[in-house]
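Knowing the structure of chain A, use the given hints to seat chain B on it.
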Amino acid sequence: GESVGLHLPTLSVQEGDNSIINCAYSNSASDYFIWYKQESGKGPQFIIDIRSNMDKRQGQRVTVLLNKTVKHLSLQIAATQPGDSAVYFCAERDTGGFKTIFGAGTRLFVKA
Amino acid sequence: GAGVSQSPRYKVAKRGQDVALRCDPISGHVSLFWYQQALGQGPEFLTYFQNEAQLDKSGLPSDRFFAERPEGSVSTLKIQRTQQEDSAVYLCASSLVGAVAGIGNEQFFGPGTRLTVL
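Sequence lines, in order, name chains A and B.
Residue numbering for the first sequence follows our numbering, beginning at 1 and increasing consecutively.
Residue numbering for the second sequence follows our numbering, beginning at 1001 and increasing consecutively.
The shape of chain A in the complex, shown without the other chains (with noise of 0.2 Å):
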């Protein structure tokens, strides 16, 4: 299948070790903020999401801090193993709520 994301950022990791993504967003009315993961040949993926009145979430081994003051969102992926492999999007929708707006994306690249 095609590639995703050929001259993105890169970040690589050992397997087992944390990994985290950063994302500054430029909406200062977005209320809503996603992170999506893509593999080549797929669609983004859903991983998390938060609403501005949040600093933090946390799923399976995904959490999600929020900076509003920064306007500044990251990503933090425990025991980062080879299948997180992909590229990563932050995503933000304004109060209208559904035209979602993609950043540059960032390419996971785990070691094994």
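I should point out that these hints are in silico values taken from the structure, not numbers from a laboratory.
It is possible that some hints are incorrect.
Stated by the list, open to error - Only pairs whose alpha carbons sit at most 25 Å apart, straight line, appear in this in silico PhoX-like list of lysine-lysine:
#1 A:99 / B:1078
#2 B:1078 / B:1011
#3 A:68 / A:42
#4 A:99 / A:71
#5 B:1078 / B:1057
#6 B:1057 / A:99
#7 A:68 / A:111
#8 A:71 / B:1014
#9 B:1078 / B:1014
#10 A:42 / B:1011
#11 A:111 / A:71
#12 B:1011 / B:1057
Said to hold, decoys possible - So the derived label-pair ranges between C-beta atoms look like this:
#13 A:94 / B:1061: 19 to 25 Å
#14 B:1080 / A:27: 29 to 35 Å
#15 B:1055 / A:112: 31 to 37 Å
#16 B:1057 / A:29: 35 to 41 Å
#17 A:16 / B:1057: 15 to 21 Å
Backbone N, C-alpha and C fix where the C-beta goes; we use that ideal spot for every residue, glycine too.
The following block gives chain B in isolation, referenced to the frame of chain A:
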């Protein structure tokens, strides 16, 4: 259960040809979205349907792009007189309820159609 499906998966068109891309959303999903993804970039919003109503088409790049969802289920994105700059992956997504920025109203994406215009 079946996810969002798109067809064809790959389409090669000569410049000037018309193309039609199909999206089958998850059964019962109210909202349907089309995105365009250029190589190495994040998806960009094109248009949004709630049932059969097209509520937002502000992301369509030109009047050569047209989308429809006549019965509130299957959707077609049509591109007339294709140009080389139309080459991209076209993604379709659906969500269960009307688009509300809420926890749990996630969008499920299809695998996309890769369009190459020669």
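> Which of the listed hints are not met by the structure?
Replying inline: 3, 7, 8, 11, 15, 16, 17
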